[in-house]
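J.: Residue numbers (my numbering), protein chains in the order written: chain A, 1 to 574; chain B, 1001 to 1276; chain C, 2001 to 2175.
No wet-lab data here; the hints were simulated from the structure.
Treat the hints with caution; some may be incorrect.
Below, in silico cross-link-like pairs of lysine-lysine (PhoX-like), each with a Cα-Cα straight-line distance of 20 Å or less [stated by the list, open to error]:
#1 A/Lys-468 to A/Lys-425
#2 A/Lys-105 to C/Lys-2064
#3 B/Lys-1119 to A/Lys-217
#4 C/Lys-2028 to A/Lys-425
#5 B/Lys-1064 to A/Lys-232
#6 A/Lys-232 to B/Lys-1026
#7 A/Lys-217 to A/Lys-293
Quick list of simulated restraints, FRET-style, between CB atoms [claimed, not checked]:
#8 A/Leu-551 to C/Ser-2171: 53 to 61 Å
#9 B/Pro-1142 to A/Val-229: 49 to 57 Å
#10 A/Glu-43 to B/Glu-1035: 50 to 58 Å
#11 C/Ser-2171 to A/Gly-449: 51 to 59 Å
#12 A/Phe-574 to C/Ser-2171: 35 to 43 Å
#13 A/Gln-388 to B/Glu-1154: 50 to 58 Å
#14 B/Glu-1154 to A/Gly-449: 44 to 52 Å
#15 C/Glu-2083 to A/Ser-53: 56 to 64 Å
Glycine included, C-beta positions come from ideal geometry on N, C-alpha and C.
What follows is each chain in one-letter form.
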Amino acid sequence: MKKIIIIGLLLGMIFPLRGISQSFLENGQVHGNFQIDGAYYGEDSKLGITDSSLNGKYFRMNAFGNIAYTNGNFEAGLRFEAYLPPLAGFDPAYEGAGIPYYYVKYKWDKLELTAGNFYEQFGNGLILRAYEEWQLGYDNSIRGFRAKFQPVTGLTLTGLIGTQRYYWEPYQEGNRGIVRGFDADLYLNDLLPFLKGSKTQITLGGSFVSKYEKASKKTISRDSIQDTVVTKYIFSYKIPENVAAYAGRMNLTHGGFNLTAEYAYKINDPSEFNDYIYKEGQALFLSMSYATKGLGISLSGKRTDNMSFKSKRAEIGNVLDINYLPPLTKQHTYSLATIYPYATQPLGEMGIQGQIMYTIPKKSALGGKYGTQIELNYSNIRSIKKEQVSADIPIDSTGTKGYKSPFFTLGDERYYEDFDIVITKKFSSKWKAIVSYINQLYNIAVVEGHAGDPKVHANIGILDITYKITPTKSLRMEAQGLFTDQDRGSWAMGLLEFNIAPKWFFTVMDEYNYSNPDEEMQLHYYSGNIAYVEGATRISIGYGRQREGLLCVGGVCRQVPAANGFNITISSQF
Amino acid sequence: MIVLLAFTLIPSCDVEDDPYLVPEGKPGPGPDPTEKVRKLLLEEFTGHTCVNCPEGAMLAHDLKNQYGEQLILMSIHAGAFAEPSTAPYTADYRTQAGNDLNAYYNVLFYPSAMINRTKYNSQYALFTGVWQDAIEALINLPPDAHIDLSLEYEAITRTLTGNVSVEFLNDFTCDFNICFYLLESGIISAQKNDNSSVGTVPEILDYEHNHMLRDAYNGAWGTEIAAGGVSAGQVETTTFTMTLHDGWNQENCAIVAFVYNATTKEVVQAEEKEVM
Amino acid sequence: MKRLILIAIAALMITGIMAQEKEARSRKLPSVDVKTTDGKSFNTQDISNDGKPIIVSFWALWCKPCIKELNTIADVYEDWQEETGVKLYAVSIDDARSSSKVLPFASGNSWEYEILLDPNGDFKRAMGVNMIPHTFLLDGEGNIVWQHTSFAEGAELELIDTVRKVAKGESVESH
Chain A
1 MKKIIIIGLL
11 LGMIFPLRGI
21 SQSFLENGQV
31 HGNFQIDGAY
41 YGEDSKLGIT
51 DSSLNGKYFR
61 MNAFGNIAYT
71 NGNFEAGLRF
81 EAYLPPLAGF
91 DPAYEGAGIP
101 YYYVKYKWDK
111 LELTAGNFYE
121 QFGNGLILRA
131 YEEWQLGYDN
141 SIRGFRAKFQ
151 PVTGLTLTGL
161 IGTQRYYWEP
171 YQEGNRGIVR
181 GFDADLYLND
191 LLPFLKGSKT
201 QITLGGSFVS
211 KYEKASKKTI
221 SRDSIQDTVV
231 TKYIFSYKIP
241 ENVAAYAGRM
251 NLTHGGFNLT
261 AEYAYKINDP
271 SEFNDYIYKE
281 GQALFLSMSY
291 ATKGLGISLS
301 GKRTDNMSFK
311 SKRAEIGNVL
321 DINYLPPLTK
331 QHTYSLATIY
341 PYATQPLGEM
351 GIQGQIMYTI
361 PKKSALGGKY
371 GTQIELNYSN
381 IRSIKKEQVS
391 ADIPIDSTGT
401 KGYKSPFFTL
411 GDERYYEDFD
421 IVITKKFSSK
431 WKAIVSYINQ
441 LYNIAVVEGH
451 AGDPKVHANI
461 GILDITYKIT
471 PTKSLRMEAQ
481 GLFTDQDRGS
491 WAMGLLEFNI
501 APKWFFTVMD
511 EYNYSNPDEE
521 MQLHYYSGNI
531 AYVEGATRIS
541 IGYGRQREGL
551 LCVGGVCRQV
561 PAANGFNITI
571 SSQF
Chain B
1001 MIVLLAFTLI
1011 PSCDVEDDPY
1021 LVPEGKPGPG
1031 PDPTEKVRKL
1041 LLEEFTGHTC
1051 VNCPEGAMLA
1061 HDLKNQYGEQ
1071 LILMSIHAGA
1081 FAEPSTAPYT
1091 ADYRTQAGND
1101 LNAYYNVLFY
1111 PSAMINRTKY
1121 NSQYALFTGV
1131 WQDAIEALIN
1141 LPPDAHIDLS
1151 LEYEAITRTL
1161 TGNVSVEFLN
1171 DFTCDFNICF
1181 YLLESGIISA
1191 QKNDNSSVGT
1201 VPEILDYEHN
1211 HMLRDAYNGA
1221 WGTEIAAGGV
1231 SAGQVETTTF
1241 TMTLHDGWNQ
1251 ENCAIVAFVY
1261 NATTKEVVQA
1271 EEKEVM
Chain C
2001 MKRLILIAIA
2011 ALMITGIMAQ
2021 EKEARSRKLP
2031 SVDVKTTDGK
2041 SFNTQDISND
2051 GKPIIVSFWA
2061 LWCKPCIKEL
2071 NTIADVYEDW
2081 QEETGVKLYA
2091 VSIDDARSSS
2101 KVLPFASGNS
2111 WEYEILLDPN
2121 GDFKRAMGVN
2131 MIPHTFLLDG
2141 EGNIVWQHTS
2151 FAEGAELELI
2161 DTVRKVAKGE
2171 SVESH
């Protein structure tokens, strides 16, 4: 039904466009953007990639094209996607092509309505976040209706209802649930007269999200032993069809000082992900920061307990998440520092993170002629403490409340710790350098599911130097080293990048896993890349061997398998 | 409009009370041996370095406890996690038939299982969360065929001979094939594991592998048993011979025979019988 | 059904391109709600600079070239402002994981830009941004006249040249 309306609207736009209405054209605009990521994979005996493991899929491509038409307050658009087949490491269930995203939007003075697919975030996303991340192959857009209403300045109300994207599967009752949400956002300084113009700014928000999924029969058999006679009994789970979650948030700013807090609560949500326990879920996200010119300090804390919230009970993959639990740790950018990235553990984690950003002023003794920037970061994430609900029920038993968890008690297991210092200094108009040291503790068993592997202790050193040969030609050199005795051993990395501003980029890079305990795997992961940029268009061609790893964006991770071959990316907009 | 939306949200939460598990009684006594019921085939794709597979096997067993004779289990070791690796994972439990099925059905994750090789929610290889749903969709349907299987084992030559009679209970227009798979249980060998309620983590050194596919008569796709359609009451008979390898323990072996629609490849009926 | 939509897209693209050739099509900023670092809602149509040029640059804490670009411009920002009156809006697409660290980072780096937060990528999507850094230049009337993606040392020279032209009211090549 919805599809017919949207096709009708699109067709309705073609005929006037083809015909007379130049005036229509004057107001209407068409814009779009697209990206094509292609790769040609080759064999690599050292990595174990052979003709048969490639299975005939030598050339793979992920591509999308967005197009949107706007005319005054009206907007309509769609996105075409093709995975023919998906690049290595992307979920193979995405193979195919089609239009998974289309919408129609109209904005009146105080009301905006969207029909079709949309993305939305309530607060920090603790109970609802629909978003997409192309590099990760992540897309949980909601297809349905959304209304945004601003009755008075400072008050925004949002309501939505729909189903989430599930690969290419059209919605059918029983293949996923329906999501409904409501959010209110209040900027008190506009609503309360005594706060108007005050230096203190307060925002409050509250949201409510619930999902409906038809319950299917789920049973389990249990043995009952009496006088050495074992009898089997069958039990069925009481499955709640409507699961609701609530969240409240607050943001307070006073001059350079800021305090943000959000608390979320979810009622019983037994699912495959939490092994069908009936415990309620809670999440708390807290952040304080102080910023003034030349200095920025931030401290955040977080606690997550049983907050996996999917619109399909039986799903355990990286799809159909209704909410988003941000990890607290710093997102590292240098390649060796991203070998061990932390991913949020929705079932339970708690931690803190602190960061200081300071610029030593120009012309001071330590600062030098141009000033020096120093950044310090520390984070520590642990498990939550789980206690038995009652003496005869083991922790995490399916079909029970699962466990009790005292809110302020730290768990026993360390998940991730890191400490890093980054110093950026410009020595002269030609030389710039960044020096960084990172110390990481990474619980690979929990984060990557490698049960039994010891925690990885890594020390990383990074040197990044840029030399300006001429005002538009520069050479950048990177040298990194990761030193560890666990997992795959230590790595060394070197990179050389030659740029001709603003259009040309030439890069060669090598990562060498020199102390891998398995001598056959002490490999060089070399690669070269040329990129050309013209305005909004970027074309990049690369060749090389890519190491196996995890690509994480915002705490959601994708396994990237080792690969060898060519890759090409074309991205532009019009 | 927003007000309407708000109203739809208010009645939206079901908080469940303890106890969360409702007793449904004991599993039924099982069908009378002479009674003709539908029997489903659950083929699980697994591997000894697959950390989530013991959980899958435990679920399959639990479903067998509930559905009894109507559910027949099979474990196919195939794919990346079944490859022989460093000790103690040097064993190779893969078979040609298993590899062919793994490739044909494009199995992408482990553990996954096919229920009667029938699509559920447009997928063949299903993840654990929907195994029971897929079984429930089929198990109460009346049977389409009945299989009578008798076996004879000759110890010295290790030859197994089987006689099977298939009675079709409805009219069909398609061709039918029949397969005979040899399974062995009680194989003790290391298995990776990451669920402490199933066994030791990170590995169970003395894990018991059960109903493991060892051999298939005439490969994964078997032989034709009825061509050009059948009518209700039609009976087809056939025989087969297989030789057990020396390493296989005949006391723990069983034959699974199943009839499937040659066009859609969906299983119509299955039957299981121990060798000894 | 898919074919109808493909025809629709093709037609729209053709007419869009035709329209571009027929008249100097002015593209303005879309109307998207983002947030300021105070937590207040801010509509992108309110991005303005009294008829002087505006730079809108998309960045994130995890994007090294973006930080390089903004640091490089920060060194000469005062001079640019004196000369052309340009104002730079730095739109961070960091999501909830790092959005609370955006202002401390920017202040710690002594940036003088207007910082906007786009945590769910709404503004980024509406502007057709695929990869960051992506920088747009708007003229005094709010038309997008120039854009560039990626950053190399020295690219800021092209940017300031373009800003100077726009400040004088000259027209620039759209790419």
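J.: Now look at each hint and say whether the structure bears it out.
T.: Against the structure, the hints:
With a CA separation close to 14 Å, the supplied pair A/Lys-468 and A/Lys-425 stays within the 20 Å bound. A hinted pair counts as satisfied when its Cα atoms are at most 20 Å apart, and A/Lys-105 with C/Lys-2064 does not qualify at roughly 35 Å. Simply put, B/Lys-1119 and A/Lys-217 have alpha-carbon atoms about 19 Å apart, close enough for the 20 Å limit, and the pair holds. Restraint check for C/Lys-2028 and A/Lys-425: not satisfied, since their Cα atoms lie roughly 38 Å apart, outside the 20 Å limit.
Proposed proximity of B/Lys-1064 and A/Lys-232 is supported: the alpha carbons are some 12 Å apart, at most 20 Å. Restraint check: the Cα-Cα separation between A/Lys-232 and B/Lys-1026 comes to about 6 Å, which is no more than 20 Å; the hinted pair holds. Distance hint between A/Lys-217 and A/Lys-293 is unfulfilled; the C-alpha atoms sit about 60 Å from each other, more than 20 Å. The hinted window of 53 to 61 Å between A/Leu-551 and C/Ser-2171 is violated, with their beta carbons roughly 42 Å apart.
Taking 49 to 57 Å as the suggested C-beta distance range, the pair B/Pro-1142 and A/Val-229 does not conform, at roughly 34 Å. For the pair A/Glu-43 and B/Glu-1035, the supplied restraint of 50 to 58 Å holds, since their beta-carbon distance comes to about 56 Å. Range check, C/Ser-2171 to A/Gly-449: Cβ separation about 57 Å, and the 51 to 59 Å hint holds. The hinted range of 35 to 43 Å is not satisfied by A/Phe-574 and C/Ser-2171, whose Cβ atoms lie roughly 19 Å apart.
Distance hint check for A/Gln-388 and B/Glu-1154: the Cβ-Cβ separation is about 56 Å, which falls inside the suggested range of 50 to 58 Å. As the Cβ distance of B/Glu-1154 to A/Gly-449 is approximately 47 Å, the hint placing it in 44 to 52 Å holds. Hint check: C/Glu-2083 to A/Ser-53, Cβ distance near 59 Å, so the stated range 56 to 64 Å holds.
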